[in-house]
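Asker: In case you want the letters, here they are:
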Amino acid sequence: MSRTEIPPGTLYLLILKTLESGPRHGYGIAERIQQLSDDVLTVEEGSLYPALQRMLIKGWVVGEWRQSDNNRRARYYRLTPAGRKQLGLELSEFQKVMAAITRVIQTA
Amino acid sequence: MERLGELWRQLKFIFRRGKFQQELQEEMQFHLEMKARALREAGMASGEAGPAAQRQFGNTLLLSETSREVWGWNLLETAFQDVRYGLRQLRRSPGFTLVAVLTLALGIGANTAVFTLMDAVLLKSLPVADPQQLYSLGADDNCCQMTGMQGDFTIYSYPLYRYFQEHNPQFSQLAAFQAGAMPVAVRRSRGVEAAQPYRGEFVSGNYFQIFGISAYAGRMLTPSDDRADAPPAAVMSYRVWQQRYGADPGVTGSTFVINSKVFTLAGVTPPGFFGDRLTGDPPDFWLPIGTEPLLNGPVSILREPGEFWLYLTGRLKPGVPLAALQAQLTVELQQWLRTLPKLDKGDRKDISRQRIIPTLGGAGVTELRDQYASGLHLLMVLAGLVLLIACANLANLLLAKSSAARTQMAARIALGATRARLMRQILTESMLLAVLGGAAGVAVAFLATRMILLLAFRGALYVPIDATPSLPILAFAFGLSLLTGVLFGVAPAWVSSRSQPAEALHGATRSTRDRSALPQKSLVVLQAALSLVLLAGAGLLTRSLLNLQSQQFGFQTRGRYIVRLDPSLAAYTMERLPGLYRQLQTHLAAIPGVLSVAYSGYSPMRGENWSSEISVEGHPDEGYKNEFLPWVSKTPSWVRVSPRYFATVDAPATGQGYHGTGHA
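Residue numbers (the numbering used here), protein chains in the order written: chain A, 1 to 108; chain B, 1 to 664.
Derived by calculation from the structure, the hints in this document are not laboratory data. Any given hint could turn out to be false.
To be verified - Lysine-lysine pairs mimicking DSS-like chemistry, simulated, CA-CA at most 25 Å apart:
1) Lys85(A) / Lys96(A)
2) Lys58(A) / Lys19(B)
3) Lys58(A) / Lys85(A)
4) Lys401(B) / Lys521(B)
5) Lys58(A) / Lys12(B)
6) Lys58(A) / Lys17(A)
Given these sequences and hints, build the entire structure.
Answerer: If you want it as structure tokens, here you go:
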């Protein structure tokens with residue numbers, strides 16, 4: 001099965017979106033994206049963790065250590081109010097671009 | 001506001017770097033385990049799941065590096081890391097470090113020393129006001145008293161000075177001062193201290209005005225001090241005032257006995273003023289020219305038109321063309337020379353060839369500068385060569401070292417280190433060496449400058465040159481060490497960073513030698529060539545020195561001692577001199593071990609002689625030609641000597657074979 005890289009510029013959007021329903025750890029985020037996209041989108045660990053660090057700096061998420069389902073300590077990332085605001089921004093931006101691309105494809 | 005929060009979080013990161021690393025590690029470990037479990041659940045054998053998860057995850061080390069980089073402290077952090085690692089490396093091979101630092105200290109120290117001296121001697125102007133308006137009359141530095149023609153005139157008589165002063169309104173001021181300081185004996189009138197020897201210089205009354213020097217205490221000399229009826233006044237140097245008179249404010253206005261004549265001390269010069277030229281033992285006292293007859297009595301030369309003993313420096317009015325000034329001065333000089341009485345035919349014939357070249361006098365009568373400029377330039381070239389050799393040497397050492405560390409480099413590349421990072425690390429190591437060498441170099445420079453000054457001013461009690469490297473010079477040394485760091489660091493860094501990861505697996509340095517061979521070989525060739533140049537130079541210098549030492553002077557130097565004395569300082573009059581000399585001769589000869597004693601007007605090796613009013617029979621005009629050096633026109637000269645003089649210097653005095661002044 002061929003795996004598709006995540007389109008550039010949408011990684012933040014995807015991470016923020018998966019965190020909207022509650023805190024997750026890094027592995028959980030990657031799993032969730034893959035699962036929701038029916039295994040089409042794969043998040044490379046090599047881009048996931050640097051992206052998470054960047055989001056920590058921006059203040060969109062905070063990291064918290066807690067017990068995971070299988071009783072292991074894991075770092076959970078939780079959306080902050082700033083992150084929720086950013087999610088809205090990214091979403092509307094993405095929808096604007098998506099609509100524009102769709103218009104171009106359908107009319108051209 | 002958002003930016004501020006980001007900055008705050010980034011700043012906090014610095015203080016929890018260790019924790020960050022540990023947490024990231026744990027997070028990735030967790031991720032790997034989850035992945036492996038997922039693979040096992042999907043049916044993979046439990047032994048294979050772990051490695052497979054790791055393969056999918058990728059390079060853990062690299063990932064943690066890139067995650068750290070996000071926080072923006074990467075450059076600083078790695079620089080810090082590199083420095084720490086570099087210091088550890090240097091500590092691990094103390095022999096190498098010592099050799100490298102010493103080599104560099106020598107190279108950088110030599111250059112810093114030479115530049116300190118060049119800065120002090122060649123570049124620094126006298127601390128005078130508007131030096132760009134000051135012109136010396138004459139470019140050469142004749143010294144100190146002479147008669148006859150000079151060609152390019154440099155020193156002048158007092159009547160000639162007054163003549164120029166009256167005829168040249170282009171100069172707002174024209175000052176005269178003695179060429180070559182004279183010894184004076186000075187004591188304070190009240191009190192019982194014995195007279196101490198100092199250096200004195202006759203100067204015209206406007207001397208301090210023209211250089212823009214105002215008194216530190218009391219007043220400087222003025223033109224009225226030159227008048228014959230003015231009470232004798234003197235000016236003391238700041239240094240003597242500080243060191244010999246404890247900065248006593250009472251010295252100004254008090255009376256001093258100078259060569260047994262009473263002077264009133266007018267004032268003290270400001271610190272940093274060392275007279276009109278840069279020499280060892282600069283003047284301690286400045287006396288008005290008008291007091292010269294008082295001090296010299298019957299042998300006064302002030303009114304002698306044909307006795308040249310003064311340098312002239314003028315402050316030129318703005319807008320005067322230099323060429324016209326030179327032409328006018330030359331014409332005036334020639335006219336004036338024709339009025340001189342007692343000129344012999346040869347001199348009279350030469351008058352049309354006499355001229356005056358005004359030169360910018362801001363750096364003073366640059367005796368020292370001319371004397372040492374070529375020497376300093378030679379030293380600079382030599383120091384530069386030493387530094388180049390040091391660089392080549394170090395580059396070679398580092399190359400050899402990096403060849404040895406090649407497997408390690410290959411391993412690091414295999415582990416994911418970028419070449420740029422490796423190069424940076426090796427360059428940091430070279431820079432560390434360079435900075436250490438630079439610091440040691442400054443210490444070397446400090447000592448070397450002292451040593452050179454001691455050699456250059458042999459016998460001087462005081463040298464008016466600061467041997468301490470100035471701030472710009474220190475900056476220069478620092479820049480120089482960084483530059484050398486780059487110079488000798490680049491080649492090894494480049495060679496090391498070319499390591500192939502596969503080499504780590506081979507575990508051998510088979511291909512190593514081949515790749516670094518070319519730069520290494522060329523470095524050795526360069527080093528050998530430069531060393532040869534230095535060696536040849538040093539050999540030639542040593543040879544000339546040996547030649548000079550074994551030079552034949554026509555008299556014996558072994559076991560001879562010369563005592564110079566100036567009885568006039570102790571107020572001996574002309575009439576009492578013959579008695580004094582005869583008495584001294586007897587007393588000295590009575591000392592056990594003294595074989596023979598004689599005295600003369602000029603001593604051997606002094607390089608002075610007296611040539612006026614003497615000519616060889618048959619060659620009345622042009623003197624006689626030296627038979628060995630036919631292009632040198634020599635005039636005969638004479639020296640007053642005592643009985644037993646020739647026996648004492650052991651020079652054969654038969655016929656015409658005596659060249660006893662040692663000044664052939």
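Asker: Does the structure break any of the earlier hints, and which numbers would those be?
Answerer: Per hint list: zero violations.
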